[in-house]
Amino acid sequence: MNTIGEHLLGIEGLARGQLEFILETAQQFVEINERSVKKVPTLRGKTVVTLFYEASTRTRTSFEIAGKRLSADVVNISSSTSSVTKGETLIDTALTLGSMAPDVIVIRHPLSGAAHLIARELREVAVVNAGDGLHEHPTQAILDALTILQSFKRLDNLTIVMVGDVLRSRVARSNIFLHKIFGNTVRVVAPPTLALKEFSALGVEVYYEQSKALHGADVVMSLRMKEEYLHEAFIPTKEEYARRYSVKTELLDKYAPNAIVLAPGPFIRGVEIESKVLDSTRSRVNQQVANGVAVRMAVLFLLCQRQKTAEVSRGEEEFRYNA
Amino acid sequence: MPNAMTKKTIIKGGRVIDPKNGLDGEFDILLEDGKIIGLERPGVLGGIGAVENLVDASGLIVVPGLIDIHVHLREPGYEWKETIESGTHAAVCGGFSAVCCMPNTSPVCDRAQIVAFILEKARNAGFSRVYPIGAITQEQKGESLAPMLELREAGSVAFSDDGRPVSSPAVMRKALEYSLMCDAVLACHEEERSLSEGFAMNESAISLKLGLPGMPTAAEDIMIARDIELARLTGARVHFCHVSTARAVTLIERAKNDGVRVSAEVSPHHFSLTEESVANFDTAYKMSPPLRSAEDVAALLDGLSRGIIDCIASDHAPHERDSKNVEFAKASMGIIGLQTTLPLTLKKVKEGKLTLARAIEALTSAPAACLGLPGGSLKVGSDADVTIVDLDKEVVFDQSINRSKCSNSPFLNCLLRGVAVKTFVGGREVFSFEKEFKK
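Sequences listed follow chains L and H, in order.
Per our numbering, the first sequence starts with residue 47, numbered consecutively.
Per our numbering, the second sequence starts with residue 1247, numbered consecutively.
Do not rely on the hints blindly, as some may be mistaken.
Stated by the list, open to error - To give an idea of the interface, some chain L residues facing chain H are shown, with a C-beta separation under 7 Å as derived from the structure: (1) THR135; (2) LEU157; (3) SER158; (4) GLY159; (5) ALA165; (6) GLY179; (7) HIS181; (8) GLY249; (9) VAL252; (10) ASP325; (11) SER326.
The hints are simulated quantities; they were obtained by calculation from the structure and are not laboratory data.
Ideal Cβ placement from N, Cα and C applies to all residues, glycine included.
Work out the full structure, taking the sequences as your base and the hints as a guide.
See the structure below:
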């Protein structure tokens, strides 16, 4: 039987078959999201807690909508409203929530390994990593993969180019792991302060110039340059950075005419990506967001299904097939 | 320290290894009144009066009491992590007859009263000898010098701002110059903090993959290079604590060849483990300096075997579970090591990376020489600090064996081979494996 494991902590360590299984399941949910009535009773009676220690709009909302469309009860906790501000440790918060017997805890945390830490402590609760520090953001990479799959009808034999702050990007890491699993060519383009030579040890080609990296690219991902990092000596000025690393129509037309463009967002128009690109037919930005809901529905569904395999009633079986 | 009135003890039939005096063979040793009063080939000592304590060491090795020059006893100020009593208890169980304790306590050991307090506590505990290390700068702030003369007179054997390196080269220069007056070594934790800020592990492809902030090896190497040049400039003595990089070994070798007065230690975890261990975000593997690459480990073992790195020190750093059972980046750095240092060192002997004599030297006379301590010798007339080791004895290092107050060790519940079975301090048996663990 196909299984994606007990938790979804990262892309690293997953097998190609597991990723394909999540993607197949997500494709079925894409269809549900296109209906006029988008709610199915699949996870009725299940509880999903989102525990966010970082500000997030799109990821948290995406998980919440995913849970609700499957009829799960979704409870959102953010660090400003939780006991974290009272000095409680992450493990204690997780154990407290765990004692209320939710089926899934979705966690975002500013420190790498946070999701792994609570997954080690919690029993009978599936943990979904919605971003841990600079480490991983697996559902983002899977929704990117679904978007690529929809455009190219395949997930292998592709050249993926990531432009921008790959160093401080968990999206970049999860995407690197995913595309190496599918055997794709992965290139990163950034100044050497960000595109460290160590990236090559992850099987990634390192470039400092877009014009050299874009040759034959199928997918170009634009990564965010956080405003606050502009002052940390990684790059001299926003203008110099934008001149060389902003994803531009002109360069794409010249070097990668067939490439689609993804951006995890939020993005700063004019810094890491030209407005013209975002508004062009290459852009898959809105499709990414839509796919995000379907992928998170698939992940929640598969984790809950795995947990209670033994308890699945005949009725619920049918809902699953209908889904 | 220990009572002068001790029994006469004879240790018979063991293989005595005393690298300082070039001994390796079967000898009997006679201890009386805290001193070694006889060291002879088997049978010679038989006729000497009434022996109250006969220790049969056949099949075992007998070495000078082990000396650990880098230990955090945490008292005063952090008694929930360790006390002088619990730490020195762990020390003798690990074969150490003497330890040097680092000054990063609360308050910092930067005045005579703290030194006196530590010595008094150690005397009362009655386990190992304790040689306090005083701070280089007041409160280890890296600004004004600590009163080194006062500290020296009170019993500090060396000076260190361990854990908080002296950032300013100018302050370091002054400290080195001043240290010439009290003939004491500055033991330095070398880390350029602007390069290591916020680090959680070694900087490498693995830290990149895990998204953890890394400390490049250059952060350590730069400071070692700086202090080699300052030692050259001032003529003072610098001891490099827990070196962890291949470059450090090269820099230290060159400095020694130039006649600069430097010495170095390595911790067992740095020659036993690599950064790969961090891959599961297990905070038991978080330390400072961080675990490095396999190439660094190879260079450290090579440097240790050739004596470029003089000695082995545990950097015993107890931390309670609460400070380790958190997000990796938030977790405290360091591991306990007093009871694992000897077996981890002997493992390298078994693997052919070190000779047995060199391993024993690196745990006895070499650390003593680094900081100018007594001990590390079985010569007649020396203090009767002796450790008996069973090279083949296997022990699972679990909570029934651990005598530290904390259990932060990646080797917890691991099978260790080659452990101390008896430790004598000043002729007094302060540890016997049988009595300690078969209660």
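Exercise. Honestly, which of those hints from before does the structure not fit?
Worked result: Result: hints 5, 8, 9, 10 and 11 break, sorted rising.
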